[in-house]
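Once you've looked at the hints, go ahead and assemble the two chains, each given alone in its own frame, into the complex.
Sequence order for the protein chains is C and U. Residue 43 in our numbering sits at position 31 of the first sequence; the count goes up by one each step and never skips. Residue 510 in our numbering sits at position 481 of the second sequence; the count goes up by one each step and never skips.
Any given hint could turn out to be false.
Chain U stretches covered by chain C per the calculated footprint, using a threshold of three residues with CB under 8 Å from any CB of chain C [as the list claims (entries may be wrong)]:
no., region
1, 164–173
2, 302–315
3, 344–355
4, 397–405
Rather than coming from a laboratory, the hints here were simulated on the basis of the structure. Every residue, glycine too, gets a C-beta built ideally from N, C-alpha and C.
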Amino acid sequence: MRRLIFLVPLLVVVLLAVLFWRGLDPARNPASLNSALIGKSVPAFALAGLTPGAPGLTAADLKGQVTVLNFFASWCAPCRAEHPLLMELARDPNLRVVGITYKDEPAKSAAFLAELGDPFAAIGADETGRVGIDFGLTGVPETYVIDRDGIIRYRLAQPLDSARLEQEIRPLLADLAS
Amino acid sequence: MIVEIGHFALVLALVLAVAQATLPLIGAQRGIRPWMALAKPAAIGQFCFLALSFAALVHAFVVSDFSVAVVYMHSHSATPLIYKIAAAWGQHEGSLLLWVVILAFFGALVAIFGDNLPPRLKARTLSVQAMIGVAFILFTLFTSNPFARLSPAPFEGEELNPLLQDPGLAFHPPMLYIGYVGFSMAFSFAVAALIEGKVDAAWARWVRPWTLLSWTCLTGGIALGARWAYYELGWGGWWFWDPVENASFMPWLMGTALLHSAIVVEKRDALKAWTLLLSILTFGFSLLGTFLVRSGVITSVHAFAQDPARGVFILGILVLALGGALALFAWRAPTLKAGGMFAPVSRESALMLNNLLIGTLTFTVLLGTLLPLLFDVMDSGDVSVGPPYYKWTFIPISLPLIALAAIGPLLGWKRGNIRQAMRSLWGAGALAAAGFVIALWIDWGREMLAGFGIALGLWLLIGTLVEWAERVRLFRAPPLESWRRIRHLPRAAYGMSLAHAGLAIAIIGITASSAWKMEEIRQMRPGESMTIGSFSYRLESVSGVRGPNYIAEQAHFAVSKDGVPYTDLYPERRQYMVQPMPTTEAAIESHIFGDLYAVIGEGDGKGAWTVRIYEEPLVPWIWTGSILMVLGGIVSISDRRYRVGAPNRQPAALPAKA
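Just chain U, with the same shape it has in the complex (with noise of 0.2 Å):
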């Protein structure tokens, strides 16, 4: 019953949805009042509705109904009850029903606290949003229905992927559902002001919060992701470049992009079409993403639907939101009125700068995702795109963003001063040098590229440092002084001083582990030791242990530095009773510099195993780095110019010709 009480709340939001893409968008071009008021109550209702349906699912879920088909197919009633919570969207179907709730979500929040909006840019925003739900609503309806009953009912379900079955993964996808389709927002912020033809600094204002959201849910999922890659697959690995992760990755370049330029639109009124181009190709990558991983159109290790279907019905939906925004784009955006004129030397020189180069990334992420597609479908044979191609395309472009995100900052709007800036930077660089000295030491005649991931970093992590002691003129005005500025900073100033430094330490750790992992891969029998860097790995058992749904083999290393105890690991190999699927869970000790990781194989049935050890350097300060970024994102949405009223708008700026 409950069931067909979420189905049902479900179609009931379908028809909500359909009037609040419908009829407040009539109203704001025929200026009737009433018909745009209509949005905020539908918004709200759709997702009330919408939140109503998914929460009948997740029952079903808990108390293993597995009269429901996807219920019996991704559930046991031995599972973990974590687990079978997240088993709601660890399906095609469930994830589906998630992605809505959360496009409604993004669209009732607007409702709610967007009063202080104008009444038809609220109206037209809250109907192009209803848009995408309607189509989506529908795609879970038609191809995907969550609540499709079986019958007769099984008495036992299949179980959850055991893989899947981690508590990191259980949040890993409704934080990146929230980053991936809260970018809708910019889209219908954008589609909105095309319809309206007006862009100015107030427009800018109200979206960057949705952006920075977006954005900071997306860095949290993707950092959850590349985690969960890196304990449970056993490879030692955190980032494979497989489409899939493609996939969360090109939105959130293009998300960090946006929220770049969004700047510029908001202090000096320039960068208006491209701002608008960004906040609809960023939602387009989501909806690509949604794309790729679900119509099957790819091969990857996670994808989830095979069923081109689906894959036919994403693509509509994708060709008419991304074809219908750009055409419109097309016919509006060449009328928008040019902002405010700047230097070749400026903050928004650097930021358009910063632009393209992460444009450019996301086209080689794109190129190196499709191609193999591009030759299948053209006959030319199967190529595969691995790391080699990224480490040669993404690593060289990024470069030089990394080195501009710490000139950028230093300077001024309008015209700003290079000598000035890179005299503040000169201690920054001679940290870099000396970074990359001893990079091309530690690492000499291997790979020239890590002495330059290693420099940037530093420069980026100082640079920051930097730029903030000049805001608050440390050791240069008396400390009072100082004091009182770094209270009184902006928390976006702040907001942008941690996800810099963020990305800074996380690029560190990220060129550390690529380039000096090592790896030992051997049999060994319990008794025998091996070394690998400056640590002694013994293994001194291996036993059988039980989980509540699982048997595991697992092993005792006792991890030894210059002969002194260090410390212990106790790598499993589990064996899932329903789904005969053995999955590693590597033990992993991390400390400052560094993981150890050791991982247990098959054994050989003669008393030896297969073992795997690496000595992983920097790799927690990758973590470090990301949630940095996120608490960056989190300090900067709590800026108080957001939360203060209406910005004074401009009046219209529509050309009369258009």
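This is chain C alone, in the form it adopts within the complex (with noise of 0.2 Å):
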């Protein structure tokens, strides 16, 4: 019996070992609490355009076309770092590149894209952060893609950089484009 006792340690550790297997199985995802949105429709919304004249962005305009969402502002310094990258993505015919002011005043955003270039094909102007909040948005920038049908495929919570572009974007947007 006392024996036993001195058992007790070694059956816990492997007991926590069993727990750790598991937990290490690939198809678990420990950062998973992003993906909410991952596998469904874009939420329905409609937004203006920049200025009264523009045509604006509805979910709608999501479909037919793979395509790369991304919320910004012009307030926001790390989305100035990323426009670059956002410049060049939208140079690839097989996608359209359209985008969101995340709280932000439209003569701004205007004026970030005048000064910085515009890589969008069409913009909505979330003022008051509603449609942020469907997405379930975090801060800006965030990056979304987006497939034929309209189904959220991809979600970056942070800035654009060339190794996630590279790595994890571009091959998924060729993925969906054929």
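Here it is as structure tokens:
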């Protein structure tokens, strides 16, 4: 009996090992908190454009073609930093890059784009941040990849960087376009 | 070329480690002296090759050799030199190499300074140490080779994560690792003792200095990390119960328990099996921490590498090392001869109670860390475990522990007199009661726990002073006699007093800063001011400044107290050029009762900035307390009894039936 007590630590380690083994299952993604929207359709929205005459952006516009959707704002420094990568993406004829300005005055957003270049085929202005809430935005910038059926396939809740662009986003885009 | 030498040295170290892990062990079993003697040169050689290997990696960082993959990913030619060097351990591969270097460093130290160890014990200990070495060198070489090259070599690197570019954090990992990894020595000694089937006072005396050294460094490392979080993250907090913080805290708790139980083995030859178990588990928690941080099994703000393949490898090491040691424990420990007897009220009992309480504390932290994983694996939904959990488990359990820390040292070995101990502590009790009342009065109706924290901190602080005064018979014996006692008191006693006093001061700081922190977040324009606590902050201006590899917005706050200018604060919001990631540099002004703490956030583009101001009561006490604890560790290591020659060993004690 006394000997059995000395076996307890070993048993605990074995149980922990089983727990960890299951925790290491590659199918389990510990960062999955971010991906609630992945595999779902984009939430419905309809936003006005930056200027009174501009077309704006609605959820329906995101169907029919592979789309990269970027949330940005003129007051956001990382948005400025990732901007050249969006410009580069926009040169790809197989996809559409659209933007939503988040909690930003349309005039300022327009000035931002006038200064840095405008990669967006269409822009919606989310001045109140309401659409941002539906998307579960954690901040700007955020970037989404949406397939032809309007299903969200990818979300990046941080600024774009060239490594992610080449290793994660471009292969996915190529995959969706084919 | 130098990089290839480093890689090659790593492979050579592996070969030596394999030899060291096998031959001395067999030699000790069969009584072949030359094989046993091999452990010493092998351990020293293994360390030299690993040091060479690490030096090669540091060199690659210093000269910005971007053909090396880790240098490319974590360094940049414009990074200041100190962060180029720190970048060598600021990523998974390099830090793992540092881990192995420190492992071998401890082995080499035992090889060099352990000449008074019995040859068999020394050979076995070094062999076990080398087994861990083999496992981790293999892990480094096969899953995380820091010397992998890129072809073609990029012109410029991607820079070290800006958050890590900080002097405190540059030294945090090495200290932490010396602590973490140093516990391997206690583990190796324990396994060697289990193989021998003999644990006695001499064994405890050999193990304790290594444990002390690790504990001291780990204390310093954790304090540095907490301090970094405090001023760099800009959240005004210094501890977040994050899994990675817990990963370093659990070995610290276990190591603390081990330090205390090893005293019982040394002085009274009791609690032997328990001490062996603690030695194994302390390092087990270090391995667990390594696993949690590097496998990606748990989400954390500062987890290292999210790679399940690595996770499987470390899990393998964890299971082999811990499983093997604990199986050995289950087989051999029941046959250990029981040691000295002691009464329920005695120093031994107090230390045992200390161990039980610390063990429970460690368990609550472990549970809090693993619960989210457990729920996830069992598909029971997501849970997150936060500060409220720890507040209602960890803190209530630690309160009796602190109370005990003042009483225990006043109890005699074998049989103590609780009445007499309490009589000596009446002053401490009175002051604690006063502290409790004052704390409740400051904070009526909000936080009962704060009163207990302050009271127990005072209790332990005064109790520690009282214990020292009793030992030197201050004011009871003639002054000359007391002076003689002051000089002749063993350093270990001073070490204990310093560490306990440090803990007491830190507890007061922790309690006050958790309970009475004030925080104000506001949009401010230059010229506006806000008042928090007794200080008034006026935002004078926000201007752009330029660092070597960043640009920053720097705010200037003029702080005044009762209308009189007090100080100026200059918090910054930095934007590093290569990694577009804003970091905050909080501006902190310390005074004896707390910190003024200002952070500047994003500007709205219309001339206003988000500003956060904190009033942080008694935070400097946490750092002061930590420094005292580290000093206590250092003073204790320098105790004479660890330096004088071999303690006499009793004849073998393995029962015949084993």
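To see whether the hints hold, each was checked on the structure:
1. 164–173: violated (count 0)
2. 302–315: holds (count 5)
3. 344–355: holds (count 6)
4. 397–405: holds (count 4)
Hint 1 from the list above is the single one not met by this structure.
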